[in-house]
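Peer 1: As they're listed, the protein sequences go chains X and W.
What the first sequence shows, in numbering that gives the first Met the number 0, is residues 0 to 488, in sequence order.
What the second sequence shows, in numbering that gives the first Met the number 0, is residues 0 to 488, in sequence order.
Heads up, a few of these hints could be off.
Pairs involving identical chains hold if they fit within one copy or between any two copies, as the list cannot separate such chains.
[Said to hold, decoys possible] Listed below are the simulated DSSO-like cross-link pairs for lysine-lysine, each with C-alpha atoms no more than 27 Å apart in a straight line: (1) K104 to K347; (2) K386 to K148; (3) K148 to K387; (4) K386 to K83; (5) K158 to K387; (6) K390 to K37.
Because the hints were derived from the structure by calculation, they are not lab data.
Values in this document were obtained by computation on a predicted structure and should not be read as measured data.
Number of protein chains: 2
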Amino acid sequence: MISFKNLVDINRSSEVPVFIQISNTMARLIKRGTLAQKYKLPGSRALSESLNVHRKTVIAAYDELMSQGWIEIVPSKGTFVSSKLPVIAPQSIDTEDGIACPKGKAAFSYYHRSALRRDDFKTEDMLTIDEGIPDVRIAPFQEVMRHSKNILAREYNLKHLSYGSIYGDPLLRNVLADYLHETRGLNITAENVLITRGSQMGMYLATQYIIGKGDLAVVGETNYWTANLTLTDQGAELLTVPVDRDGIVTKAIEELCKTRPIKAVYVTPHHHHPTTVTLSAERRVHLVQLAEKYGFAILEDDYDYDFHYQRAPLLPLASADTDHVVYMGAICKIVAPAYRVGYMVASKDFIQEVGHLRRIVDRQGDPILERAVANMLKQGDIQRHSKKALKLYKERRDSFNMLLHKFHSKHLTFEIPEGGMAFWVGLDKRYNWDMVRAECLKRHLKIPDSKPYDPFKLGHNHNRLGFASLNYEEQEKALRILSEVISAL
Amino acid sequence: MISFKNLVDINRSSEVPVFIQISNTMARLIKRGTLAQKYKLPGSRALSESLNVHRKTVIAAYDELMSQGWIEIVPSKGTFVSSKLPVIAPQSIDTEDGIACPKGKAAFSYYHRSALRRDDFKTEDMLTIDEGIPDVRIAPFQEVMRHSKNILAREYNLKHLSYGSIYGDPLLRNVLADYLHETRGLNITAENVLITRGSQMGMYLATQYIIGKGDLAVVGETNYWTANLTLTDQGAELLTVPVDRDGIVTKAIEELCKTRPIKAVYVTPHHHHPTTVTLSAERRVHLVQLAEKYGFAILEDDYDYDFHYQRAPLLPLASADTDHVVYMGAICKIVAPAYRVGYMVASKDFIQEVGHLRRIVDRQGDPILERAVANMLKQGDIQRHSKKALKLYKERRDSFNMLLHKFHSKHLTFEIPEGGMAFWVGLDKRYNWDMVRAECLKRHLKIPDSKPYDPFKLGHNHNRLGFASLNYEEQEKALRILSEVISAL
Chain X
0 MISFKNLVDI NRSSEVPVFI QISNTMARLI KRGTLAQKYK LPGSRALSES
50 LNVHRKTVIA AYDELMSQGW IEIVPSKGTF VSSKLPVIAP QSIDTEDGIA
100 CPKGKAAFSY YHRSALRRDD FKTEDMLTID EGIPDVRIAP FQEVMRHSKN
150 ILAREYNLKH LSYGSIYGDP LLRNVLADYL HETRGLNITA ENVLITRGSQ
200 MGMYLATQYI IGKGDLAVVG ETNYWTANLT LTDQGAELLT VPVDRDGIVT
250 KAIEELCKTR PIKAVYVTPH HHHPTTVTLS AERRVHLVQL AEKYGFAILE
300 DDYDYDFHYQ RAPLLPLASA DTDHVVYMGA ICKIVAPAYR VGYMVASKDF
350 IQEVGHLRRI VDRQGDPILE RAVANMLKQG DIQRHSKKAL KLYKERRDSF
400 NMLLHKFHSK HLTFEIPEGG MAFWVGLDKR YNWDMVRAEC LKRHLKIPDS
450 KPYDPFKLGH NHNRLGFASL NYEEQEKALR ILSEVISAL
Chain W
0 MISFKNLVDI NRSSEVPVFI QISNTMARLI KRGTLAQKYK LPGSRALSES
50 LNVHRKTVIA AYDELMSQGW IEIVPSKGTF VSSKLPVIAP QSIDTEDGIA
100 CPKGKAAFSY YHRSALRRDD FKTEDMLTID EGIPDVRIAP FQEVMRHSKN
150 ILAREYNLKH LSYGSIYGDP LLRNVLADYL HETRGLNITA ENVLITRGSQ
200 MGMYLATQYI IGKGDLAVVG ETNYWTANLT LTDQGAELLT VPVDRDGIVT
250 KAIEELCKTR PIKAVYVTPH HHHPTTVTLS AERRVHLVQL AEKYGFAILE
300 DDYDYDFHYQ RAPLLPLASA DTDHVVYMGA ICKIVAPAYR VGYMVASKDF
350 IQEVGHLRRI VDRQGDPILE RAVANMLKQG DIQRHSKKAL KLYKERRDSF
400 NMLLHKFHSK HLTFEIPEGG MAFWVGLDKR YNWDMVRAEC LKRHLKIPDS
450 KPYDPFKLGH NHNRLGFASL NYEEQEKALR ILSEVISAL
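Could you put the whole structure together from the sequences, leaning on the hints where they help?
Peer 2: The following block contains the structure:
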């Protein structure tokens with residue numbers, strides 16, 4: 000006689016209802032063969048006593064097991080382990096000890112993309128200076144849920160639960176075209192918009208079409224590392240130009256164009272990643288002129304347009320009357336990174352073409368989320384939130400700046416950024432950020448790994464310190480630890 | 000004096016609150032320059048009268064415009080169009096008539112992928128026989144929303160609103176490993192699982208690593224068209240083998256292996272797409288043996304494992320004790336296509352590698368949805384629903400079969416499928432499905448385009464008719480029209 004008391008252990012503090020815990024365990028016992036097919040199970044009363052739970056709980060567990068096909072009731076005979084469980088073929092699945100063993104190395108050959116390797120993103124519950132991401136504690140997720148609920152509250156909207164367009168929700172494409180026209184001066188209609196899952200996906204899709212093996216792409220000598228990876232992974236040869244206080248040096252791009260066929264130039268003009276500087280109006284005009292003269296594509300990554308604190312922001316390159324720009328932006332930077340909605344804006348025919356690749360990559364976006372975002376834009380919810388966030392982040396930028404000065408260390412150099420969510424902080428060449436980072440970790444402060452910010456090994460010894468996701472107390476605590484660590488070097 | 004009465008028109012039946020309609024219109028008027036900077040706006044009473052709305056509505060609209068920075072209040076002077084609007088640079092954005100004009104052709108050169116071109120998915124409000132997709136009217140979207148709500152109800156869970164792992168939600172990877180072990184006999188742990196956005200994304204990511212230009216991939220001579228596109232887009236040369244009543248003919252694959260280096264074999268063993276036949280146990284064993292002998296990868300697309308109506312289903316190839324299989328499945332097929340969650344199962348090192356590509360494609364999945372799905376699996380919600388759906392779809396398969404016989408046309412040949420969501424229906428060679436489709440459309444019945452089911456132009460003259468998304472009345476209506484159309488040929 001099997002002792003269920005020992006086999007089924009119940010965790011009353013778990014989120015999982017007790018009857019589910021029981022049915023899950025018993026289903027597993029059946030799979031493992033501990034409970035054989037046709038095995039007669041104890042009655043609900045007997046089991047409820049041996050497990051010391053209410054009889055109703057056992058009945059619920061048995062119903063669950065029945066609905067999943069693990070057990071069956073034979074009238075006037077009792078409850079039995081089902082006699083027809085899934086056939087175990089081609090061969091048995093169970094390892095002797097019943098613990099699944101992970102499959103280790105692929106037995107087939109495949110191509111490596113070592114350039115792509117990078118640590119996965121980890122969220123420790125530790126005080127963290129990130130590289131500049133929004134504070135999710137102010138995210139309007141209640142609004143997102145409310146809008147999603149409203150959409151599905153209407154019978155005729157249930158179609159949004161099925162497959163949708165590879166180009167994204169039609170309403171969102173329309174609303175975004177208006178929104179981008181009104182906020183950024185883009186002369187576009189819905190047909191110029193492809194809904195993506197963030198600016199990175201726009202960058203990926205565009206690169207697949209624009210770059211062929213050996214094509215030349217120009218980036219800043221400091222640049223967003225993931226953009227470099229995206230270009231090189233597709234076979235691009237990267238050429239670099241300097242980045243100064245006015246952004247990427249377009250004169251240097253012109254020199255390159257004179258001697259070599261440039262296919263694409265990647266820029267983050269609003270706030271250069273990682274240095275945070277803004278590309279000057281003169282250079283914007285110059286870059287567009289160069290694109291038209293030499294026929295290259297401008298990949299404009301405008302990931303943080305909404306966060307600018309000084310004067311009114313300059314309009315994106317995409318607002319110029321040209322078809323040379325592929326413009327990429329993200330809604331998730333405003334709402335919350337977890338809501339994966341972004342957009343690519345380009346000429347009609349390019350958007351048309353790229354949509355077909357989207358189909359084989361992941362078929363489409365999230366129809367309900369996209370419709371919810373469309374309604375939030377229409378009703379101004381997102382504009383309201385971004386206004387609110389802008390105000391808060393400006394305060395946090397200023398307090399971060401103040402605190403950096405307060406704990407000032409002669410080993411650090413920095414300037415207050417006009418926008419974005421991070422400071423670009425230089426460290427005295429005698430030290431390096433890896434040391435600082437290691438020491439900070441010992442004091443339970445996590446700071447960014449600076450290596451990705453120097454992809455071309457210039458040794459500028461800078462790091463990106465994000466301020467937006469930390470409130471004043473957190474900023475003070477974090478920067479105090481940082482300064483103590485640096486002073487102790 | 001501007002007449003707001005004529006400029007602002009209010010649609011009281013719109014979803015958009017009236018005050019938002021007013022603020023949106025006025026914001027646009029400001030952008031368009033119709034309302035110049037520093038222009039003095041009418042008082043709330045005056046405007047409410049001319050627009051014939053409640054004064055509170057106008058005040059709300061003004062608040063909205065203020066919060067968006069379009070207007071400003073000068074104490075004891077009144078309300079004015081803001082004097083510092085975003086600088087319009089590099090140059091003005093407005094076209095003379097104020098209507099945005101779409102950007103047409105890309106001015107830069109890019110690579111075409113003509114093979115990928117295919118019509119976009121359209122949802123007309125028309126009676127439709129689809130190619131075999133779930134009925135979203137029974138989708139448990141309430142549960143999905145409830146679980147999502149519960150997740151964000153906990154302060155410590157707000158981290159799910161930020162960036163997450165490129166491999167997917169850790170809990171879901173664990174729960175899925177158990178679930179796939181228990182339901183499909185896969186000997187795996189979380190490290191063998193990458194969360195995707197559906198089986199197609201798994202297919203795309205795997206192909207990027209396994210296929211190089213000119214590599215040989217084997218598919219059935221009838222095969223899922225999108226899979227063919229995914230392989231050829233990556234540079235694969237496709238070799239085909241016959242598909243009979245026992246599925247793809249593995250003997251033919253063996254013959255190919257003897258003479259040429261096969262890199263990968265794509266299969267949908269559970270129900271071959273499009274013909275719906277199941278790969279026999281003997282051939283499964285044979286295929287795995289071939290993979291081990293010749294070192295190729297098996298791309299196993301198990302998009303509809305949960306829908307099998309005859310006997311208990313055979314276990315997937317991935318349950319065999321081999322590292323040659325990359326297994327792809329989808330949760331969205333069970334819950335609803337709009338909830339983009341799927342998985343790739345493979346050896347640890349392959350999953351590790353593929354994750355890095357995921358980062359540049361779209362960074363990650365939807366953390367909240369993934370966590371919600373994890374909890375739904377843990378608590379059996381998904382199992383319960385799939386049980387319910389299985390029962391319903393079996394009834395619908397049987398009624399569809401009955402109706403096909405009732406309206407029997409000597410021009411149609413078909414067999415009842417053991418599983419899946421569609422019938423594979425042959426049409427008398429004297430006619431073709433395009434004619435039938437065109438005639439059906441005239442009678443407001445949409446049926447699938449059959450061309451994608453004959454990618455290698457075999458002229459088998461079959462089409463896939465989905466039954467799962469239609470209730471009895473809809474099936475009867477649709478099949479009556481279809482038979483009338485065919486009889487009239």
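Peer 1: Of all the hints numbered above, which does this structure not satisfy? Sort the numbers upward.
Peer 2: none
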